[in-house]
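Undergrad: Listed below are the residues making up each chain.
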Amino acid sequence: MIKARVTVTLKNGVLDPQGKAIEGALGSLGFHGVHQVRQGKVFDVELDTNDQAKAEADLKAMCEKLLANTVIENYSIALT
Amino acid sequence: MKSAVVQLPGLNRDRDMIAALTKISGKAPVTVWQTETEIPDVDLIVIPGGFSYGDYLRCGAIAARMPVMQAIREKAEKGVKVLGVCNGFQILVEAGMLPGALMRNTSLKFVCKEVKLEVVNADTDFTRAYEQGQIIRCPVAHHDGNYFVDDETLKGIQGNGQIVFRYADGTNPNGSLLDIAGVVNQAGNVLGMMPHPENLIEAAHGGSDGRGIFASALDVIAA
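First to last, the protein sequences are chains L and G. All letters in the first sequence, in the order written, are residues 1 to 80 by this note's numbering. All letters in the second sequence, in the order written, are residues 1 to 223 by this note's numbering.
Any given hint could turn out to be false.
[To be verified] The calculated label-pair distances, taken between Cβ atoms and stated as ranges, are:
1) L:Gly24 x G:Gln186: 36 to 42 Å
2) G:Gly170 x L:Gln39: 25 to 31 Å
3) G:Thr153 x L:Lys3: 35 to 41 Å
4) L:Lys3 x G:Lys27: 35 to 41 Å
5) L:Lys3 x G:Thr31: 40 to 46 Å
6) G:Leu178 x L:Gly24: 49 to 55 Å
7) L:Arg38 x G:Gly133: 46 to 52 Å
Hints were generated in silico from the structure; no laboratory data involved. Think of the CB as a built atom: it goes at the ideal place given N, C-alpha and C, for glycine as much as any other residue.
My request is simple: use the sequences and hints to build the entire structure.
TA: The following block contains the structure:
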């Protein structure tokens with residue numbers, strides 16, 4: 001079994017209204033000096049394989065085909 | 001002209017769409033379920049609005065990977081007209097059949113109201129019933145209608161006349177880039193739009209400004 005964490009984040013330059021709202025809420029809680037917040041998604045994936053190369057290739061395909069919308073999002077894969 | 005309406009779990013504007021197509025074309029559309037891999041011989045396929053798969057992951061993301069979408073893609077490549085409204089538009093961009101992406105409204109609020117649309121390109125299969133530059137009324141109801149496209153793709157779609165509708169008179173409800181409300185593919189036979197023209201087709205709706213899209217796509221004279 002291989003466990004992986006996939007992180008999907010918005011590309012630079014793509015407006016993130018949710019991140020902006022969180023930024024504002026942090027400010028109103030007294031956390032000043034928060035320069036910027038960008039919201040993303042995390043997927044913890046467990047794979048029925050012990051082949052790291054295959055796992056990485058499969059995860060990359062999963063990101064390209066479904067987990068990320070590559071028009072607006074970047075992804076990173078970390079085997080844990 | 002024959003039409004089909006796609007049904008997926010979570011779509012809820014299919015009945016409005018079926019009613020509109022029936023009234024305007026005089027023929028009830030066939031309905032196509034998400035698992036179907038063959039679509040009957042029709043001139044227009046419509047993906048209606050709603051919340052397919054509960055908007056999980058991203059709006060339209062799961063629906064775009066259902067078997068029926070491959071069948072729709074093949075039909076579109078053969079020149080069959082495809083119209084996606086609201087969630088249908090989100091599904092078409094997620095399926096890669098239209099450029100860009102639809103993101104959360106900048107207000108972070110669900111918006112349900114009437115807007116004004118400028119017909120930016122009246123020379124398409126979906127807008128021939130309108131005048132170039134005509135301003136029409138149309139309802140919107142969505143949470144993720146904020147159209148985004150990268151600079152390079154934007155230049156391409158502008159040059160090809162692929163921007164078909166823009167929100168007019170300061171009525172942009174979602175913060176979309178350049179007030180974009182609807183785009184067609186390069187071939188001109190696939191249109192996606194956030195507003196709901198099927199909800200403004202007769203006097204009981206308070207107007208019929210939306211009728212022209214169906215009248216154009218179905219080759220019937222606008223009433």
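Undergrad: For every hint, state whether the structure bears it out.
TA: Hints and how they fare:
Look at Gly24 of chain L against Gln186 of chain G: about 40 Å separates their beta carbons, and that is inside 36 to 42 Å. In this structure the supplied range 25 to 31 Å holds for Gly170 of chain G paired with Gln39 of chain L, their Cβ-Cβ distance being about 28 Å. Between Thr153 of chain G and Lys3 of chain L the beta carbons are some 36 Å apart, a value that agrees with the proposed interval 35 to 41 Å. In this structure, Lys3 of chain L and Lys27 of chain G break the distance hint of 35 to 41 Å, their C-beta atoms being roughly 54 Å apart.
Judged by the Cβ atoms, the range 40 to 46 Å given for Lys3 of chain L and Thr31 of chain G holds: they are separated by roughly 42 Å. At roughly 26 Å, the beta carbons of Leu178 of chain G and Gly24 of chain L sit outside the given window of 49 to 55 Å. Look at Arg38 of chain L against Gly133 of chain G: about 38 Å separates their beta carbons, and that is not inside 46 to 52 Å.
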